[in-house]
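A.B. asks: Each chain, written out:
There are 2 protein chains.
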Amino acid sequence: MQKLTLKKIAKELDVSISTVSKALRDSHEISKDTRDKIKAFAKLYNYKPNNIALSLKNRKTKTLGVIIPEIVHHFFTTVISGIEKVANERGYNVIIGLSNESFTKEVINMEMLANGSIDGFILSVSKETQLLKDYHHLTETIDQGMPIVMFDRAIKEIGCDKVIVDDVEGARKAVNKLVSLGCKNIGIITTKDYVSVGKLRTTGYLTALTESNLPLNENFILKLNDELNEEAHMDLLEQEIQLLLKNNPEIDGIFAVNEIYALSAMKEALKLGKSIPKDIKVIGFTDGVLSKYATPGLTSVSQHGKQIGEKAADLLIDRLENDHVEPPFQTVVIETELIERASTSEI
Amino acid sequence: MQKLTLKKIAKELDVSISTVSKALRDSHEISKDTRDKIKAFAKLYNYKPNNIALSLKNRKTKTLGVIIPEIVHHFFTTVISGIEKVANERGYNVIIGLSNESFTKEVINMEMLANGSIDGFILSVSKETQLLKDYHHLTETIDQGMPIVMFDRAIKEIGCDKVIVDDVEGARKAVNKLVSLGCKNIGIITTKDYVSVGKLRTTGYLTALTESNLPLNENFILKLNDELNEEAHMDLLEQEIQLLLKNNPEIDGIFAVNEIYALSAMKEALKLGKSIPKDIKVIGFTDGVLSKYATPGLTSVSQHGKQIGEKAADLLIDRLENDHVEPPFQTVVIETELIERASTSEI
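Chains A and B are the protein sequences, given in the same order.
Using my numbering, the letters of the first sequence correspond one by one to residues 316 to 662.
Using my numbering, the letters of the second sequence correspond one by one to residues 316 to 662.
Only chain A is shown next, with the shape it has when bound in the complex:
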């Protein structure tokens, strides 16, 4: 017989996983009727919620669970390489689950791993979780005594250890660099605001412009829809960036919140006959292999993914080994670094 999970209850009753989870906790966000129905169903089929605290008392798996939003992504893979390094040194295994930026998959993966396979989580939440602002799966896990360390996309409302980069400061440094090189009309290519790191980097951009007394021009701000990141939509991404550059020929500097946006901006600028860095200077965020191998080399804000992973693993293992899941929690900020390459260098 298959084990009954939140997912199966949700499917059977045609409600969301979040609704099932909340109903089983008797949350008043859910109508009494729905709660009763879900509880009756769970009881009928003998649903057993994870009893993480119990499993923790009985055995240690010596395994860390890592949940990341996507895997074809240099930043997340370098974070994992850092986690692996520290985990191996300290005698722990690592298993990885992907949310694919989906709230439901994040919940399912956490439920699956928390069920006796791992001792604690290191995770970066999905964009959908940030959009829905539904964090019940995180708070429940912590409440049951299983520690979580969040990295990069950390949620302010959740009490746990966090390892973050200072996105505002990193972006501010990047834009200040463009200002110091003489750029007067600096554009930004960023994400919609619900993506926390995109929003923070946009804040850094705005801060730097204000500090330099440069005017804010709404037309210079391109907030891209998230689906455009997928390989299938690269053409649309490039079209949007082309329009930004075409409609605003005075733009002489671009700050892009990730590597793909930055490289696409360089590509479109070159297509429009502009010379880099003479006519337009470009800085990206996340220093990956692409920045290094691009021509011209792309100046980038390095997030030090490996160090983030190392620190996250150390924080989690420290907590596990001290059997200490209560506050106070730490937030460790890993400083960004501006790696200068030809896309900004004066020739």
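Honestly, the hints are just simulated from the structure, not real lab data.
Source: prediction; values computed, not measured.
A hint or two may mislead.
Copies of the same chain are indistinguishable here, so a pair counts whether it falls within one copy or spans any two.
To be verified - Derived DSSO-like pairs (lysine-lysine); straight-line CA-CA distance at most 30 Å:
#1 LYS621 to LYS400
#2 LYS352 to LYS323
#3 LYS561 to LYS377
#4 LYS377 to LYS326
#5 LYS507 to LYS400
#6 LYS621 to LYS326
#7 LYS375 to LYS352
#8 LYS375 to LYS326
#9 LYS323 to LYS538
#10 LYS400 to LYS322
Model the placement of chain B on the given structure of chain A, informed by the hints.
C.D. replies: For chain B alone, coordinates are given in the frame of chain A:
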């Protein structure tokens, strides 16, 4: 109390995991003394080997376990994106473990996941496993009734479903392209022979030269030590490639068995004042983002990682859903494709 694992027995008795595993199976590769000692220890501490077959009968986890050799690697991450796609469509979860190219970590990860967390494996073996030719952990898993699908680095000796690219043919196509463009002195940058895909691609290179009646020149063959792939040793990698090009100035074409080797070859050729593709044409293997964004764009043999992952997941899920773990097994060959870019185009 912590669960006793092969790893812990091995550590306690200061022998390898492989020795413990073989001793517990009463393998005559291990001396009788050692076998007796290990069996006594296991008995004393009540060691329970995984009883996968039993767990399979009792419940389905609806989860696939994936073991890959490294994660900061575009090919493996695209394979995983393909596995995820099919798994999600067919109602399965995916959890991932890394071997970091280590035999021991591969064994530990398989033991950990096989222990009730997953229904079957999709895996690409570590380089160390290929070097040691120790496949007991694979045969044991299969013997106990848990299906395995191998991809990319498949082991001929293991009976299971496999999804591979035709490495010989892919390399042959690439070298034939260089020949058709007029290259007479074609070099190869490859791995040491124990890495199966490196060896196969070298075979394709040699085949193409022979078919074209081009002489084989040992000096044109650079077999790189594996540690040079790590970021810390990039300088050494570049030095070796520089020497190849400096000592053999007649080289007018390079086939490289991966993207990093190819990009480093382009970089070193440019440093030596050569023009690409006029003086030297370059083709890489694995079509990743680097090939696309490099300048000049790198002509590459695309391995279609996503399709490999999709096919592997379909094969595994088909087997799980038909409860069918016996032969016959399938080997599916995903054809490679030559993606032409500026590094070979005649101007």
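A.B. asks: Hint by hint, note whether the structure agrees.
C.D. replies: Okay, the hints, checked on the actual structure:
no. : hint             : in the structure
1   : LYS621 to LYS400 : both (9 Å within a copy, 27 Å between copies)
2   : LYS352 to LYS323 : within (14 Å within a copy, 47 Å between copies)
3   : LYS561 to LYS377 : neither (55 Å within a copy, 50 Å between copies)
4   : LYS377 to LYS326 : between (33 Å within a copy, 15 Å between copies)
5   : LYS507 to LYS400 : between (34 Å within a copy, 25 Å between copies)
6   : LYS621 to LYS326 : between (38 Å within a copy, 28 Å between copies)
7   : LYS375 to LYS352 : between (36 Å within a copy, 26 Å between copies)
8   : LYS375 to LYS326 : between (32 Å within a copy, 18 Å between copies)
9   : LYS323 to LYS538 : neither (37 Å within a copy, 52 Å between copies)
10  : LYS400 to LYS322 : between (33 Å within a copy, 18 Å between copies)
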